[in-house]
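Visitor: Sequence:
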Amino acid sequence: MNENRTAIQPCAQPGRASVEDGFVLLDGPDGVAVTMTADAAAQTAESLRQAALQAKEEQPSEAGSDEDQVEASP
Numbered sequence: 001m002n003e004n005r006t007a008i009q010p011c012a013q014p015g016r017a018s019v020e021d022g023f024v025l026l027d028g029p030d031g032v033a034v035t036m037t038a039d040a041a042a043q044t045a046e047s048l049r050q051a052a053l054q055a056k057e058e059q060p061s062e063a064g065s066d067e068d069q070v071e072a073s074p
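Residue numbering for the sequence shown is 1 to 74, as defined by the UniProt record's numbering.
Keep in mind that the hints were calculated from the coordinates and are not lab data.
One thing to keep in mind: the hints can contain errors.
Have a look at the derived ranges for each label pair, beta carbon to beta carbon [to be verified]:
no., residue 1, residue 2, range
1, Asp39, Thr6, 30 to 38 Å
2, Phe23, Gln59, 32 to 40 Å
3, Met36, Pro60, 29 to 37 Å
4, Gly22, Ala52, 33 to 41 Å
5, Ala42, Ala12, 20 to 28 Å
6, Gln59, Glu20, 28 to 36 Å
7, Gly31, Ile8, 15 to 23 Å
8, Pro60, Val19, 16 to 24 Å
9, Gln54, Gly28, 31 to 39 Å
10, Leu53, Ala17, 18 to 26 Å
11, Pro60, Asp21, 36 to 44 Å
12, Ala7, Thr37, 13 to 21 Å
13, Ala7, Ala38, 32 to 40 Å
14, Thr37, Arg16, 15 to 23 Å
None of these values were measured; they are calculated from a predicted model.
No residue lacks a Cβ here, since even glycine has one placed at the ideal position from N, Cα and C.
My request is simple: use the sequences and hints to build the entire structure.
Guide: Below you can see the structure in the form of structure tokens.
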């Protein structure tokens with residue numbers, strides 16, 4: 001069977017969070033934008049942190065890369 005598969009191209013640039021009118025706005029690469037409540041943002045942050053830690057365990061990282069700072073992030 002011949003499948004056309006597109007390789008996942010992960011983005012190495014982080015999103016930026018800000019606050020406006022009591023909501024958290026997350027601006028990501030390629031025009032991604034999400035507005036969340038504070039509780040939803042906190043849950044998303046924890047989910048992202050856990051996923052990042054798991055991804056680091058599954059793939060060897062380059063010494064001294066920015067990704068090595070995931071565990072130290074608040």
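Visitor: Given the range 30 to 38 Å, decide if the beta-carbon distance of Asp39 to Thr6 lies inside it.
Guide: Roughly 35 Å apart at Cβ, these two residues keep to the hinted range, so it holds.
Visitor: Holds or violated: 15 to 23 Å for the Cβ distance of Thr37 and Arg16?
Guide: Holds, since Thr37 and Arg16 (Cβ atoms, about 18 Å apart) stay within the stated range.
Visitor: 18 to 26 Å was suggested as the range; check whether the CB atoms of Leu53 and Ala17 agree with it.
Guide: At roughly 19 Å between Cβ atoms, Ala17 and Leu53 fall inside 18 to 26 Å, so the hint holds.
Visitor: Per the hint of 29 to 37 Å, is the separation of the Cβ atoms of Met36 and Pro60 within bounds?
Guide: The hint (29 to 37 Å, Cβ to Cβ) holds, given that Met36 and Pro60 are roughly 33 Å apart.
Visitor: Given a hint of 31 to 39 Å, does the C-beta separation of Gln54 and Gly28 actually sit inside it?
Guide: violated, 20 Å
Visitor: Do Gly31 and Ile8 keep their Cβ atoms within the hinted range of 15 to 23 Å?
Guide: Holds, at about 18 Å.
Visitor: Is 16 to 24 Å respected by the C-beta to C-beta distance linking Pro60 and Val19?
Guide: For Pro60 and Val19 the Cβ distance comes to about 36 Å; the hint is violated.
Visitor: Does the hinted range 28 to 36 Å hold for Gln59 and Glu20 at CB?
Guide: holds, 35 Å
Visitor: Go ahead and decide if the range 33 to 41 Å is satisfied by the Cβ distance of Gly22 to Ala52.
Guide: violated, 27 Å
Visitor: Take a look at whether the Cβ-Cβ distance between Ala7 and Ala38 falls inside 32 to 40 Å.
Guide: At roughly 36 Å between Cβ atoms, Ala38 and Ala7 fall inside 32 to 40 Å, so the hint holds.
Visitor: Are Phe23 and Gln59 spaced within 32 to 40 Å by their CB atoms?
Guide: holds, 33 Å
Visitor: Does the Cβ-Cβ separation between Pro60 and Asp21 fall within 36 to 44 Å?
Guide: holds, 43 Å
Going down the numbered hints, you'll see the structure goes against 4, 8, 9, 12, while the others check out.
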